[in-house]
Amino acid sequence: MPGDPHPRSAHRAIPEGGLAVLTRQALAGPALARQVLARQGLTRQAAPQHRQTRAAHTRSAHAHSHAARPQRPRRGPWRRPSREPQQAQRALQTLMSGMGAVIIVSIIGLSAFFIIADERRGLGDSAAAPAVSSAAIASREVDAEPLSQREVFPQPEIRLVAGTAPYQVTMTHIDTDCDVATTGELGALLAEHGCNQVVRAGLTAPFGGYQVTAGVFNLAEEAGATLVSSQAGPLVETGRGSFAAMGGLGSDPLAEPLAQVGWHQRGHYLLYCVIARPDGRLVEDDDPYAERITADLIGRYLDETIISSRAGQP
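Residue numbers (full-length UniProt numbering): 1 to 314.
It should be emphasised that the hints constitute simulated quantities derived from the structure, not laboratory data. Given the structure is predicted, the values throughout are model-derived calculations rather than measurements. Mixed in with the good hints there might be a few duds.
[What the hints assert, rightly or not] Computed beta-carbon distance windows for the label pairs:
{"hint": "1", "residue 1": "Glu192", "residue 2": "Met99", "range": "46 to 52 Å"}
{"hint": "2", "residue 1": "Met171", "residue 2": "Leu282", "range": "22 to 28 Å"}
{"hint": "3", "residue 1": "Pro288", "residue 2": "Glu192", "range": "31 to 37 Å"}
{"hint": "4", "residue 1": "Ser97", "residue 2": "Pro166", "range": "55 to 61 Å"}
{"hint": "5", "residue 1": "Gly163", "residue 2": "Thr204", "range": "15 to 21 Å"}
C-beta: ideal position from N, C-alpha, C; glycine also.
Please model the entire structure based on the sequences and the hints provided.
Structure (structure tokens):
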């Protein structure tokens with residue numbers, strides 16, 4: 001600052017080496033300043049030369065700094081990702097979901113078909129039967145009264161609905177040997193589970209003239225009747241045993257090859273029927289008359305009327 005009453009000294013390195021003493025003279029003139037510089041062998045170009053040197057060093061340092069600084073990698077232009085792979089993946093997921101739904105529906109449909117087919121052939125419980133057997137007919141210990149012809153077939157006809165044509169009862173039969181009402185291996189299976197009675201009748205259906213044998217086997221216990229009912233299916237399907245029509249040869253498994261049979265277990269009883277066409281032709285599985293006869297005689301009559309009375313049900 002001009003006019004500073006306390007001059008201060010400063011030191012600065014010069015290019016040629018040594019130190020230059022700079023004294024601030026507030027009141028000295030230009031001539032005195034030149035003389036001081038002349039005595040020390042300095043010229044006025046020293047200061048600019050030093051400033052140039054410092055500028056050069058500064059530029060060199062900047063250049064070195066730029067050279068040493070790592071360059072950023074260049075990036076290409078940004079592009080929006082393609083949606084085609086995502087759309088293809090969504091389409092595949094939709095297709096797989098649809099195929100899974102079709103497979104599930106097919107499995108359900110096949111299961112329902114086989115269940116209905118088994119019920120129609122007598123391999124399952126009758127739709128008209130109660131879901132749970134009554135304790136009153138769980139075994140012969142609690143249901144000790146034997147069956148009789150009068151109890152099972154008391155009338156010469158069976159009329160299920162008032163005003164409709166009845167089933168005509170042509171003959172009845174009762175026996176303590178259950179084998180007489182069977183063919184093949186079925187008789188031995190019934191005897192193994194304590195069958196001691198069979199009550200049956202020959203009937204003529206009110207439509208189509210179909211000839212029918214319907215009856216009841218009296219087994220020892222409900223568990224045995226259930227087992228016989230389930231094992232009768234493979235015997236019938238393979239021709240190793242079946243239910244016999246009245247008048248047929250009970251020991252011959254081929255006596256009624258054209259008939260259709262149906263059966264159902266209720267308590268310790270096994271209910272059954274054998275259906276034959278009047279012309280002797282094969283009774284097909286989907287025969288509408290055979291289906292109705294099975295539902296009428298096993299479901300509505302023997303089960304809901306005769307056995308339900310034993311169970312104390314109305």
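Comparing the hints with the structure gives:
| no. | hint | result |
| --- | --- | --- |
| 1 | Glu192 <-> Met99: 46 to 52 Å | holds, 49 Å |
| 2 | Met171 <-> Leu282: 22 to 28 Å | holds, 24 Å |
| 3 | Pro288 <-> Glu192: 31 to 37 Å | holds, 36 Å |
| 4 | Ser97 <-> Pro166: 55 to 61 Å | holds, 56 Å |
| 5 | Gly163 <-> Thr204: 15 to 21 Å | holds, 19 Å |
The structure fails none of the hints (numbered hints given earlier).
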